[in-house]
Amino acid sequence: MTGDRPAAPAYRKPVLTLSNVGLYAAIVALSAFFLFPIYVIFLVAFTPTKYTLFAGRPPLIPPALTWSNLQAGLTGANSPFLPSMYLSLEIAFLVGALAIAIGIPTAYGLSRLGSRLAYGLTTVLFIVNMVPSITIAIPITVPFIKAGLYGSPISIGLTQELLALPMTVFLLVGAFQGLPRDLENQARVDGAGRMRAVYGNLVPLIVPALIAAFLLSWMLSWDESTFALILYNPATSATLPVNIFLAFTGRGNPAVGVAFSCVATIPVIILTVVLQRYLKGEDLAAGVRG
Amino acid sequence: MALADRSGGKAPAPVASFWQRHKEQIIAFLFVVPALVYVGVFAFYPAFDTISLSFQTPILAFTYFNYQSNVQSGLYTWIGNTLWLTAGALALQFALALGIASILARTFRGKTAFATIMILPIGIATVVAGFTFQQIFPGTGAGYANSILANFGVGPYYWLNANWEALAVVAIADSWKNTALVVIILVAGYATIPRALYQAAAIDGAGPLRQFRYVTLPGLRGFIVMALLIRGAQEVNIFQLAYIMIGSSPQLLTVQVYLLYTSGGGIYLASAVSTVLLGIVAVFILLVILVGGRR
Numbered sequence: 001m002t003g004d005r006p007a008a009p010a011y012r013k014p015v016l017t018l019s020n021v022g023l024y025a026a027i028v029a030l031s032a033f034f035l036f037p038i039y040v041i042f043l044v045a046f047t048p049t050k051y052t053l054f055a056g057r058p059p060l061i062p063p064a065l066t067w068s069n070l071q072a073g074l075t076g077a078n079s080p081f082l083p084s085m086y087l088s089l090e091i092a093f094l095v096g097a098l099a100i101a102i103g104i105p106t107a108y109g110l111s112r113l114g115s116r117l118a119y120g121l122t123t124v125l126f127i128v129n130m131v132p133s134i135t136i137a138i139p140i141t142v143p144f145i146k147a148g149l150y151g152s153p154i155s156i157g158l159t160q161e162l163l164a165l166p167m168t169v170f171l172l173v174g175a176f177q178g179l180p181r182d183l184e185n186q187a188r189v190d191g192a193g194r195m196r197a198v199y200g201n202l203v204p205l206i207v208p209a210l211i212a213a214f215l216l217s218w219m220l221s222w223d224e225s226t227f228a229l230i231l232y233n234p235a236t237s238a239t240l241p242v243n244i245f246l247a248f249t250g251r252g253n254p255a256v257g258v259a260f261s262c263v264a265t266i267p268v269i270i271l272t273v274v275l276q277r278y279l280k281g282e283d284l285a286a287g288v289r290g
Numbered sequence: 001m002a003l004a005d006r007s008g009g010k011a012p013a014p015v016a017s018f019w020q021r022h023k024e025q026i027i028a029f030l031f032v033v034p035a036l037v038y039v040g041v042f043a044f045y046p047a048f049d050t051i052s053l054s055f056q057t058p059i060l061a062f063t064y065f066n067y068q069s070n071v072q073s074g075l076y077t078w079i080g081n082t083l084w085l086t087a088g089a090l091a092l093q094f095a096l097a098l099g100i101a102s103i104l105a106r107t108f109r110g111k112t113a114f115a116t117i118m119i120l121p122i123g124i125a126t127v128v129a130g131f132t133f134q135q136i137f138p139g140t141g142a143g144y145a146n147s148i149l150a151n152f153g154v155g156p157y158y159w160l161n162a163n164w165e166a167l168a169v170v171a172i173a174d175s176w177k178n179t180a181l182v183v184i185i186l187v188a189g190y191a192t193i194p195r196a197l198y199q200a201a202a203i204d205g206a207g208p209l210r211q212f213r214y215v216t217l218p219g220l221r222g223f224i225v226m227a228l229l230i231r232g233a234q235e236v237n238i239f240q241l242a243y244i245m246i247g248s249s250p251q252l253l254t255v256q257v258y259l260l261y262t263s264g265g266g267i268y269l270a271s272a273v274s275t276v277l278l279g280i281v282a283v284f285i286l287l288v289i290l291v292g293g294r295r
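Those protein sequences? They're chains A and B, same order as listed. Going by my numbering, the first sequence opens with residue 1, and the numbers climb by one from there. Going by my numbering, the second sequence opens with residue 1, and the numbers climb by one from there.
Only chain B is shown next, with the shape it has when bound in the complex (with noise of 0.2 Å):
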């Protein structure tokens, strides 16, 4: 495909001798084309076919009808909302899993059984965590988490009055679903640093603070940037989690675009909503092939 044309364009040669030269790559590629035909029709396709839908009504081949409508209905609220959400989850989780990580980089008793406890989430469905965090945290006033407050007497927390509470509080459950990703990923990361620069920087008499300052983050940086787009993306995605959790209140682009397709809202409108969401991704991806580029 694309890319194909290009490692062919830099080596303008005879085409008996380019096939000689390049028989072994040629094959390797063919090998790969299957799957290349699959994404372009099951993913990159549909994604166009978003966008084209996105300035289209039943009537109009061109219009910018759907836009002007979802901004009138709050698009840039939704916008918000789902911005808040990324950025707080992201935040947690990445405390959460550089603090993990460290812990999992040293010798202790128990840590076969902290890292299956802590992947345990991984397997549990969206749905089911959705509602099980729905049961911790509802807005009525009861829920587990009253539970345990109430043991010291504290609450009740009706945990969705404001919209920041609600969405922190969806933050938290995926953080809870998702954080051993991430943990995942910085253990690869924290492999490659060399121990030697641990045990240089403490006979320079670096702390562990200093040595995580100093040593870890900069040896991790590749792969904290790395995690943080892609987990980024997913949580910009979030959709039933918070739908179980939250419902519409506040709203976010996916649960939006679910809501125009399945109420009548018509194919169009959702379409216009999908699209700005393909385009925070696509933000995520630009960056991805950046820093993946320069590296």
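Just chain A, same shape as in the assembly (with noise of 0.2 Å):
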């Protein structure tokens, strides 16, 4: 388990000594590898698309700053704005509940199993993780159109769950094994049927971590677009990852699609930097322990 850490190494004094020059050395330029491409997302927003899009050569200080290109693709006639912004909130905020209400009761149950049968079923969900969506998306649209769901949040919410549950899998198992076995135990021998127990007595000690995986499957279906893309109705509405692939991939206006991301990034940026403590190794890797 990688729960007993081991002790922190003896703190010495961070100070920029010669040795140190290699290791900031590195450090600035891997951050500048990582930061300018949001750099570049910033000047395509607000600089006028004569010194992005349409530059031959395109300035890195912008010359002059613009909200034109935000209005016009968040206000603009035939903007898909709003329905997409709408249909992409639904979908996310149904993939973030259905992990919850899926999440609790397997992790729940895998936190109890015996531990060989506990690695089966840990692998069966990851998995599912790995198997290519496009592969899966192709199929199930059919059973989808035929039960009228197509292009329905529902279904595409379905589907991107496959995403999302196996990761808040992982995470409230690490939750559950976490709390005094003793907990459930007393409150069973006080007279609680299981249920009463786990919702009664074990949930409401891990609402820190349900929190997290809500916002991370959140977060998951707010930026995927696989399933988006091929399970949308181009008679209603596509999520906004979608109409920003459309925009790109010369089905859309451009400009259109540099206010979407812009709109779509910020409140993903912010739950990454505040979700990241919960980003564990041992999550992403279906618990592998050294």
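Careful, some of the hints might be misleading.
Per the computed footprint, the stretches of chain A lying under chain B, defined by three or more beta-carbons under 8 Å from a beta-carbon of chain B, are [stated by the list, open to error]:
(1) 52-66
(2) 80-90
(3) 170-179
(4) 200-214
(5) 218-228
(6) 231-239
Here are the simulated SDA-like cross-link-like pairs (lysine to any residue), alpha carbons at most 20 Å apart as the crow flies [claimed, not checked]:
(7) K111/B <-> A32/A
(8) K111/B <-> L275/A
(9) K111/B <-> P143/A
(10) K23/B <-> A147/A
(11) K111/B <-> V273/A
(12) K23/B <-> L65/A
(13) K111/B <-> L98/B
(14) K23/B <-> N185/A
(15) K111/B <-> L23/A
(16) K50/A <-> A29/A
(17) K50/A <-> P63/A
(18) K146/A <-> G99/B
(19) K50/A <-> R277/A
(20) K111/B <-> G99/B
(21) K50/A <-> G22/A
(22) K146/A <-> T123/A
(23) K146/A <-> F42/B
(24) K50/A <-> A64/A
(25) K111/B <-> A64/A
(26) K111/B <-> N20/A
(27) K23/B <-> G114/A
(28) K111/B <-> R277/A
(29) K23/B <-> M195/A
(30) K50/A <-> W67/A
(31) K50/A <-> I270/A
(32) K146/A <-> T140/B
(33) K50/A <-> G76/A
(34) K111/B <-> G22/A
(35) K50/A <-> A72/A
(36) K146/A <-> P63/A
(37) K50/A <-> A32/A
(38) K50/A <-> T140/B
(39) K50/A <-> P62/A
(40) K23/B <-> A32/A
Simulated from the structure, these hints should not be mistaken for lab results. Since the structure is predicted, the reported quantities are computational estimates derived from the model, not experimental observations. Note that CB positions come from ideal geometry on N, CA and C, so glycine has one too.
Reassemble the complex: the two chains are provided individually, in unrelated frames, and hints are given to aid placement.
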């Protein structure tokens, strides 16, 4: 288990010595690599397009700033922005809620099963995460059309859940395993049924993990574009990422894509920073332990 | 499901005593059943459906036509491009991630800020990342990478001329977006390596490089293998990032599936390419099971 972390290395005063110069040079170079594309998103969103999309040598320092790209994309005639954002929000909340609804019993069950069976079932969930989205999305459109659900938030949410559920379960299994076993036994001795013991006594104690799982699932859905692309109904509306994809692949206005990108990116960047301590290697690697 | 049968089959005992002995386990298993039904219906069934569709046409119940047709259109080239991209992207992001993870294993001022900066791309939607890198590395001689190079009097470069160049540019974009995922897994691995091993190695006179080779790498092996397989399967699935940046040249399996499906090529031809994609991912899945089972 990684629970018993080794003691932290003896703390040395971090000063910029000769031996540190290489370290800081590497950090600066890597930071520039990770930040530069985000700066480009900012440039393209807030600089007149003659200096960005249509420039032969786009300037690195913006000669002028403008809101007109965002305005054109978000409020221009025929802009699909509002219905698109509404659909994205609806699906993201659905995926988050479903992840919690299915994730709690699944994670509780896995945390109580024998290790071999739990390992096998975890692997099954893990495989689901690896199967190509496009392989699943194409055949699944047919039953959705038959059921009259083509392009509906439910159909897109149910497929995106395939990506959110395994991560949610891994995160919640860790949370359940972190609780003292006696809590549940005590509640059951006191006469609570198993459901009461789980939902009344255990679940309230893992609320922080539940919030994290909900938000991570929300975020995953907000950014997801393969299921959302194959399953959207062109007659109604598509999610933000799908509209961005269509705008950048020749079936829409790139300025709309730029504006949507900006709006779609900001909440997720905030969530990523807030949630980074919940992004654990053990969860991403299905509980690999060295 | 199948796994439950296996656990049941191991102990052929009278029903009543089986229930009594395994009551807790059976109830725990029942909690997992809804999730298993869900992934069965929404993941495994459609995957098998794809395989079955790939051997059909509107008039034929069983045929290899879809595969033969795709082979003539260049299936082997698409497979090659997909595998080269996978290999390149993996090599790049593991080199970056090993470096970053070993930086994050140290204590230094600004560590939190660096960790946050590194993780930001996870929050950028794939389609946005694709567009951004298309603005940095376009095939037109314009773009932000050339704006930087112009300061040094170099360029302009037409980044997408050769196939390998186009794939390399996609690999860079993908590594930008996903290296943090690898770092997170490797950092978890670092936490499992006892500090005493480093002290012992240092006492024996091992410098940083030898410590990395003889302490860090063996300690991280399980994590590296797992991260390689997980990321490998996801690289094979790169779709919109590549399509926005380089279109169809060179062509990838995923992009071909999408184009066949949307441009009238039909669900049957698309399913054949999709099945090939699934087959490559299945190799990664098998390796995950083998590697996982050996531990």
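Against the structure, the hints come out as follows:
Counting residues of the stretch 52-66 of chain A whose C-beta sits closer than 8 Å to any C-beta of chain B gives 8, which meets the bar of three, so the coverage hint holds. Only residues whose beta carbon comes within less than 8 Å of a beta carbon in chain B count, and the stretch 80-90 of chain A has 0; fewer than three means the coverage is violated. Counting residues of the stretch 170-179 of chain A whose beta-carbon sits less than 8 Å from any beta-carbon of chain B gives 0, not enough to reach three: the coverage restraint is violated. Look at the stretch 200-214 of chain A against chain B: 0 of its residues bring a Cβ nearer than 8 Å to a Cβ of that chain, fewer than three, so the hint is violated.
With a threshold of 8 Å between beta carbons, the proposed coverage of the stretch 218-228 of chain A by chain B holds, since 5 of its residues qualify and at least three are required. With 0 residues having a Cβ less than 8 Å from any Cβ of chain B, the stretch 231-239 of chain A misses the three-residue criterion, and the hint is violated. Annotation: proposed proximity of K111/B to A32/A holds, straight-line Cα distance about 15 Å (limit 20 Å). Taking the CA atoms of K111/B and L275/A, the gap is about 17 Å. The hint holds against a cut of 20 Å.
Under the criterion of a C-alpha separation no larger than 20 Å, the hint pairing K111/B with P143/A is inconsistent with the structure, at around 50 Å. A threshold of 20 Å between alpha carbons decides the hint, and for K23/B with A147/A the separation of about 39 Å lies outside it, so the pair is violated. This hinted pair checks out: K111/B and V273/A have alpha carbons roughly 14 Å apart, not beyond 20 Å. Distance check on the hinted pair: K23/B and L65/A sit about 68 Å apart at the alpha-carbon level, beyond 20 Å; violated.
This hinted pair checks out: K111/B and L98/B have alpha carbons roughly 16 Å apart, not beyond 20 Å. The hinted pair formed by K23/B and N185/A meets the criterion: a straight-line CA distance of about 15 Å does not exceed 20 Å. Restraint check for K111/B and L23/A: satisfied, since their Cα atoms lie roughly 11 Å apart, inside the 20 Å limit. For the hint linking K50/A to A29/A, the alpha-carbon distance of about 30 Å lies beyond 20 Å, and the restraint is violated.
Taking the CA atoms of K50/A and P63/A, the gap is near 11 Å; set against the 20 Å cutoff, the hint holds. Distance check on the hinted pair: K146/A and G99/B sit about 51 Å apart at the alpha-carbon level, beyond 20 Å; violated. Our distance criterion of 20 Å between C-alpha atoms is broken by K50/A and R277/A, whose separation comes to about 41 Å. A distance of roughly 14 Å separates the Cα atoms of K111/B and G99/B; the hinted pair therefore holds under the 20 Å criterion.
For the given pair, K50/A sits about 40 Å from G22/A by alpha-carbon distance, which is inconsistent with the 20 Å threshold. With a C-alpha separation of about 32 Å, the suggested pairing of K146/A with T123/A is violated against the 20 Å cut-off. Straight-line distance between C-alpha atoms of K146/A and F42/B comes to about 15 Å, which keeps the hinted pair within the 20 Å bound. For the hint pairing K50/A with A64/A, the CA-to-CA distance comes to about 10 Å; that is within 20 Å, so the pair holds.
Between K111/B and A64/A the CA atoms are separated by roughly 34 Å; this puts the pair beyond 20 Å, and the hint is violated. The hinted pair formed by K111/B and N20/A meets the criterion: a straight-line CA distance of about 13 Å does not exceed 20 Å. Taking the CA atoms of K23/B and G114/A, the gap is near 12 Å; set against the 20 Å cutoff, the hint holds. Simply put, K111/B and R277/A have alpha-carbon atoms about 14 Å apart, close enough for the 20 Å limit, and the pair holds.
Distance hint between K23/B and M195/A is fulfilled; the C-alpha atoms sit about 15 Å from each other, no more than 20 Å. Pair hint K50/A plus W67/A holds up; C-alpha atoms about 14 Å apart against a cutoff of 20 Å. Only pairs whose Cα atoms come within 20 Å are accepted, and K50/A paired with I270/A is rejected, the gap being roughly 30 Å. At roughly 45 Å between alpha-carbon atoms, K146/A and T140/B are farther apart than 20 Å, so this suggested pair is violated.
Among the hinted pairs, K50/A with G76/A is consistent with the structure: their alpha-carbon atoms are about 19 Å apart, no more than 20 Å. Straight-line distance between C-alpha atoms of K111/B and G22/A comes to about 15 Å, which keeps the hinted pair within the 20 Å bound. In summary, the hint linking K50/A to A72/A is supported, as the alpha carbons are separated by about 15 Å, within the 20 Å threshold. Between K146/A and P63/A the CA atoms are separated by roughly 54 Å; this puts the pair beyond 20 Å, and the hint is violated.
For the hint pairing K50/A with A32/A, the CA-to-CA distance comes to about 25 Å; that exceeds 20 Å, so the pair is violated. For a cut-off of 20 Å, the pair hint linking K50/A to T140/B stands: about 16 Å separates their Cα positions. About 11 Å separates the Cα atoms of K50/A and P62/A, which keeps this hinted pair within 20 Å; it holds. With a C-alpha separation of about 57 Å, the suggested pair K23/B and A32/A falls outside the 20 Å cut-off, and the hint is violated.
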